[in-house]
Structure formats: structure tokens, C-alpha cells
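2 protein chains.
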Amino acid sequence: MRDVIIIGIGQTPVGEHWEKSLRHLAHDAIMAAMADARIEHADALYVGNMLSGELTGQEHLGALIADFVGLRGIEALKVEAACGSGAAAVRVGVMAVASGLHDVVIACGVEKMTDTSAAVTTSGLATAADQEYEVSQGISFVGLNALLMRRYMYEYGVRKEEFAGFTVNAHRNAAHNPYAMFQSPITAETYVKAGMIADPINLMDSSPVCDGAACVVLAPAELLGGRAKARVLASAVAIDCLAVHDRRDPLVLDAAVASTQKAYAQARVTPADISVFELHDAFSIMSALSLEAAGFAPRGQGARMATDGEIGIRGRVPISTMGGLKARGHPVGATGVYQIVEVVQQLMGQAGQNQVPGANIGMAQNIGGSGATVITHILAGV
Amino acid sequence: MRDVIIIGIGQTPVGEHWEKSLRHLAHDAIMAAMADARIEHADALYVGNMLSGELTGQEHLGALIADFVGLRGIEALKVEAACGSGAAAVRVGVMAVASGLHDVVIACGVEKMTDTSAAVTTSGLATAADQEYEVSQGISFVGLNALLMRRYMYEYGVRKEEFAGFTVNAHRNAAHNPYAMFQSPITAETYVKAGMIADPINLMDSSPVCDGAACVVLAPAELLGGRAKARVLASAVAIDCLAVHDRRDPLVLDAAVASTQKAYAQARVTPADISVFELHDAFSIMSALSLEAAGFAPRGQGARMATDGEIGIRGRVPISTMGGLKARGHPVGATGVYQIVEVVQQLMGQAGQNQVPGANIGMAQNIGGSGATVITHILAGV
Chain V
1 MRDVIIIGIG QTPVGEHWEK SLRHLAHDAI MAAMADARIE HADALYVGNM
51 LSGELTGQEH LGALIADFVG LRGIEALKVE AACGSGAAAV RVGVMAVASG
101 LHDVVIACGV EKMTDTSAAV TTSGLATAAD QEYEVSQGIS FVGLNALLMR
151 RYMYEYGVRK EEFAGFTVNA HRNAAHNPYA MFQSPITAET YVKAGMIADP
201 INLMDSSPVC DGAACVVLAP AELLGGRAKA RVLASAVAID CLAVHDRRDP
251 LVLDAAVAST QKAYAQARVT PADISVFELH DAFSIMSALS LEAAGFAPRG
301 QGARMATDGE IGIRGRVPIS TMGGLKARGH PVGATGVYQI VEVVQQLMGQ
351 AGQNQVPGAN IGMAQNIGGS GATVITHILA GV
Chain W
1001 MRDVIIIGIG QTPVGEHWEK SLRHLAHDAI MAAMADARIE HADALYVGNM
1051 LSGELTGQEH LGALIADFVG LRGIEALKVE AACGSGAAAV RVGVMAVASG
1101 LHDVVIACGV EKMTDTSAAV TTSGLATAAD QEYEVSQGIS FVGLNALLMR
1151 RYMYEYGVRK EEFAGFTVNA HRNAAHNPYA MFQSPITAET YVKAGMIADP
1201 INLMDSSPVC DGAACVVLAP AELLGGRAKA RVLASAVAID CLAVHDRRDP
1251 LVLDAAVAST QKAYAQARVT PADISVFELH DAFSIMSALS LEAAGFAPRG
1301 QGARMATDGE IGIRGRVPIS TMGGLKARGH PVGATGVYQI VEVVQQLMGQ
1351 AGQNQVPGAN IGMAQNIGGS GATVITHILA GV
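Chains as they are written, first to last, in the numbering used here: chain V, 1 to 382; chain W, 1001 to 1382.
A hint or two may mislead.
Said to hold, decoys possible - Label-pair ranges, simulated between beta-carbon atoms:
#1 Pro1298(W) to Arg268(V): 52 to 62 Å
#2 His1245(W) to Arg38(V): 43 to 53 Å
#3 His24(V) to His1245(W): 15 to 25 Å
#4 Thr122(V) to Gly1138(W): 21 to 31 Å
#5 Gln1350(W) to Arg299(V): 49 to 59 Å
#6 Thr1116(W) to His24(V): 27 to 37 Å
#7 Ala1119(W) to Asp246(V): 31 to 41 Å
#8 Met348(V) to Trp1018(W): 49 to 59 Å
#9 Thr116(V) to Arg1151(W): 30 to 40 Å
#10 Ala1119(W) to Gly157(V): 48 to 58 Å
For the record, the hints were derived by calculation from the structure and aren't laboratory data.
Keep in mind the model is a prediction, meaning the values are calculated, not measured.
Positions of the beta carbon are idealized from the N, C-alpha and C atoms, including for glycine.
Work out the full structure: start from the sequences and follow the hints.
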């Protein structure tokens, strides 16, 4: 099994790209990553995407995008794991390189969510949940997360305003990320006063509907070690049941525990070694549950970490360092690749005003559904 | 890189499964394959599926199905390449085992197409084509194939009735396959008189809308060689442009040429070594084009092979030996796995009345779209 490195990264700004279709967004991210990697060809392309079938009537993105970027003839496939699709594409890319079957592999996450009606987007996002046992009862994806947040507040005696720090941190960091959707800081007061979406989740607990694409180029260390921007120490996937009511305990992300433990073992690190943790803050409650599952907080204490000293750039466990899903934006099938791109920026010391001092090991964790699929990558600087 | 073997196969009958949902179909095929492989656990599951998002509002099949078959905690992802999704899942499984990242891997293709309206199914299938440059002009997926067939007939002076042999062969073989949808032979007269769908494609040129699931269990030869039912000699993917009008030549499947050549090179075989060729006969025209692309017929001569002496069980190049897409059925995302299961049956000498004498090397080729993604596997008996 070969060691895998990242030799190039690329991303488009996240936002409402009315003037660009899905294939153009993917094109822009891939061209940027290929230029960054100084390559003009690749052996394979794996595309992470969740919603293009539902929202734009387009499946078959592997061939579509590979051809559009001028790579006719190569291997190209789409990989899907709901909102975890981006990291899933990277995961398959890592296998392709580690196996020796391919040398230079592109993994691209792309999503185009805005060019449709809100009703279609809402039902599209609900395809991440269990259609027959959850969605058919009328619940939306936000609704499922609202149930989790309400239960968390009840079970552990946490007040709504205690979650504010997650959003304040994300927006503050996004202000210095030119690729972020919301480059404006907010206050805790703004958080508390935001309009309600699905009680207790308000607008400031929720990541936005948006468009974007991000890309990494993977290669074997033995061939292209000199171009390494980061080393892939771990790549791990674990699943739980899809329906939240089937979980052993709704407030414990068993798949995140399993995925993180596998990743720590592969990388031979402990939580204390992680300099940067790009977690899946699709909703504030997911930040709290993710911090607990990854071993940074005891059960019920994740929300208490929403302070600068804990999660800020100079905190104990910096999270959402480039804005996270909340403020950089959450183009669902692209998010997992954005997270990895941002970890590489941190490890290379290229995170600008958001640079975590001395960052040398970073973890990116992408979640599909309300915790059913969890994909964890641990990267090291070179 | 480790050698990969198949240690178990499973399939459901193909048909209209009104009483079973998608997860139940996948469950049945996976349970059968796990029993066949004599395993009670697996490290990973890759699901091939094209349409569940569009037709049943359900994405995220990796976690859904892994949990439903009792494999909570493992790695599970969905892989999509339109009608090539089944073989795409096997392809990712091969990488997972070859790399050493996983030992026992399940690849399952599943599709549930019947429980919706014909209009929804038609627009779902069109997601395999280019939405912005083909489908938006009003063409359906059958329509695209009709254009190819018409052009083929014009260009090479082939008469419609000359294609009859492909369908007659498929139905005759399906009659002896208990998993096939249409277990009844037809005559050339039935073919010619069948109702027109999209001129010149009639009902007997077209594979049916149906439900089904098929599954293989993959493992490394070095660990479980004693349980091998077949060896994977080659696994290759190549893409062409999605839109047919962008092709170098609409009547040459460049991706099939590239995919087959890669596979022949990996397996170190030539077309003459192939005992069985399970090709992608979604429409009769695709049989002709596939035979040409794989090197069994010169350009324009593929349709002339539609005779018993060429493609029959005892012919020079036996195809659709268990009924093919036309008569076994074409549950799109499952088809690629059915093809591989059937090749394994042939290599094990377990194809019953359809047994190809002395079959020792078999090729399965699964196509996404009208030739945009082509995935080829070559297997050898043990």
C-alpha cells in the first residue's frame, strides 16, 4: 500500500453562482487544483455530489465533468454519501492511489443548489434521511436536527444562547477567507435574535444553501513526494443507521466515534495531536456532538466548548478556521473537499489571518445525514 | 497491489417487485452473496445505484443498506455512473481490496424502477444524458439510441430485421435463467412485428424497466484464495463525452475501445481468449457497437454477428448468455453486477442449460449513458 500525498488544491468562492452551471463550477476548481499541482493530465477523477440528479436532472457527473475539463478517456465516477459526498470522493481517490491502480487522481466535490425552488431543495436535502421511516412522516432535514438540538438542551441543561460561540467563531474566521460566502462577523446578540427556522434551530444555527466546488489532486509519495503539500495519514469511513430514531442513543454520533477512532489508529495520533479540526457544522448542534464524538469533550460538554479559548484560532481545538459550513458555506456535495483544502492551507501556513500557529496535523470530518455516514481524514504537513 | 478474487455471488429475480422496497431487494442479494461466501461480516459495502434519488427520494444508500443488512459501523458508500453504476461499485470494491485497505468487501447493485410513473422513469433515465445540451432539446434516452441505430442502418446498409438475432438469442437464453424477467423464447417474426417505441427502436430492441439487485463479495487471493469462485484479471473504466453529438464519431464507442484495451492489457489476453462476453445490450444497437469496440467485429459488421454461430451459447463469441439486459432485464444500477455474477456462473460451470462449454475467461462490460462511461471486468475461473 502506497503513501498518499496531496499535490494540489483548488476551490471556487462559495455563494450564489447564478451565472455558472454545475459543470463550470467543477471546471474552475479542477483547473485551479491542476495548475497548483503543476499537472496537465490525470489518471482518474472522482466526483463528490449529492443533489444534481434531484435539482438539475443530471446524473453521470463523472463522465460529464471529466470530459468538460479535457480528460476524455480517463476513469471517472461519481461517489455519493449525502452531505458526506465530498470526502467520499477523496476517500475513493485515496484508495485508487494507495492501491497502485492510479498515480495522479483528482477528487472534486461540487454542488449547485441555488438554481431551483426552495421546496425542491428542501425535498432534495431530505433524501439524506430515511425516506420510508422519517421523511414520509413529514419531517425535513432541518427538523431532524432541531429534534436533536432540543433533546440536547433538555438532557444536559444547555441554554440556546450557549451555542452562540460556534456561529460567532465561524463568521469571524470567514471574514478573512476570500472564498467564504459570508465574510462578515456577527455578534452573539445577532445569533440570539435571528429568525427561527425549526425551533430551536434559527437562521444563525444553520449553514446556507449555496453553490461551490473544491478539488484536491492526490498522488503517491514514492513518485511525486517532492511536490507534496500535505500527507494523508488517515482516511476512514463508518456508518450508523440512517433513521435517527434507530440510533443506540440519538445524542451520540456512533459513526463519528468509529470513524475518528479508525482515523486516529491509522495516523497513530491522539486528539491532543490535532492542531486544526474542520468539523461538520451544518447546524450548531452538530458542532457540539462532533466535538464529543472525536474525544475533545465529555458527553454533554461539547456545547460548553463554544468559547474563543476552546475553538478559536488560538484556542485548544481550533474549528471552522476558514468559516466552516456555517459561514464559508455548505454546498453539500462539495463541503468535504473544502474542509480538506482548508486543512492543507493551514498545514502549509497559508491561512492568512486565520493561520493556526504551528499547525502540523489537521483533521477534516465530513458527515452525511444527521450522523449516518462519517468520513474522517487526518493530514500532516511536510 | 493484491490480487482480487470473488468469493460469493447473489442475485434476486429481475422483475416487477411490487411487494419489495429498494432496501429489501438489496438485502436479499447481499444475504445470498454472504451465505455463498460463508461470511458473516464485511469491511466495506459499495452500492451501485442510479435512480433512487429521482424515483424514490432516497439518496445515501451506502449507510441505508449497510445498516439494513446488519453491518452498522463499516465503511459504506454509493457509486454512480448512470447505467454503469453496478460495475462502478465493483470497480471501487476492487480498489479497496487491491489496496490492502479492506479485506472482505461487498459490492451490490440495486435498482427499483417500477414503483413510479412512466414519465418519472423516463426523465430519470434521461439524467444519464447531457441535460443542458441533449435533454433540454426534448430528446429521451431511447430517442438518442434510436438516432444511433438509424445512423448505423444508413451508414452501413443494414436492415432492421438483421438485428433480430440479438433479441432472439437473449430471450432463448433467458428461458433457462430462473432469475430472468422474460423466460420465454421469441421468434424473429415477433421481433419484426413488435410495437415501435422510437423509430427504428421497437419494444423488442429495448431492455425493460424493472427491479432487481445483484451482489458479489470480493477478497484478496492471499487471504482467502481457497474460497475463490473466480479471479479478477482486469477492472477498467474509460469515459467519453456525455453528449452523443460531441463524439468523434457517433458510431464508434471510443470509451468502450479504451476500456476494453485497458482491460485486455491488464489481463494479458486478446479477444480470442474470451469465452463469454456479457455486453450491455440495453438496445440492440448497443450490442452491435459493443462487439465492434471490443474487437470482435470490424466497423459496421457488428450487426452481422447476430446469428447463432457467432453469438449463441456454442457460437464464436457467446453474449447475453443468461438473457442479457434485454431478457434477464435491466434494473439500471444493478445490471453491471448481474453481468459479473453471470460470468462467475459460467466460469464455475453452473450456468445450467446455458453453460458455455469450457468457459475459462469471461468479460463483463457495463455502459453508462449511450457510451459515455464504459466499465470492463475480465474474470478467470479457478
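Here is what the structure says about each hint:
Pro1298(W) and Arg268(V) have their C-beta atoms about 57 Å apart, which keeps the hinted 52 to 62 Å range intact. Between His1245(W) and Arg38(V) the beta carbons are some 34 Å apart, a value that contradicts the proposed interval 43 to 53 Å. About 19 Å separates the C-beta atoms of His24(V) and His1245(W), a value consistent with the hinted range of 15 to 25 Å. For the hinted restraint 21 to 31 Å between Thr122(V) and Gly1138(W), the CB-CB distance of approximately 29 Å keeps it satisfied.
Gln1350(W) and Arg299(V) have their C-beta atoms about 53 Å apart, which keeps the hinted 49 to 59 Å range intact. Range check, Thr1116(W) to His24(V): Cβ separation about 31 Å, and the 27 to 37 Å hint holds. A hinted range of 31 to 41 Å holds for the C-beta pair Ala1119(W) and Asp246(V), which are about 34 Å apart. In this structure, Met348(V) and Trp1018(W) meet the distance hint of 49 to 59 Å, their C-beta atoms being roughly 56 Å apart.
Distance hint check: the CB atoms of Thr116(V) and Arg1151(W) are about 35 Å apart, consistent with the given range 30 to 40 Å. Against the hinted window of 48 to 58 Å, the Cβ-Cβ separation of Ala1119(W) and Gly157(V) comes to about 52 Å, which satisfies the hint.
Violated hint for the displayed structure: number 2, the only one.
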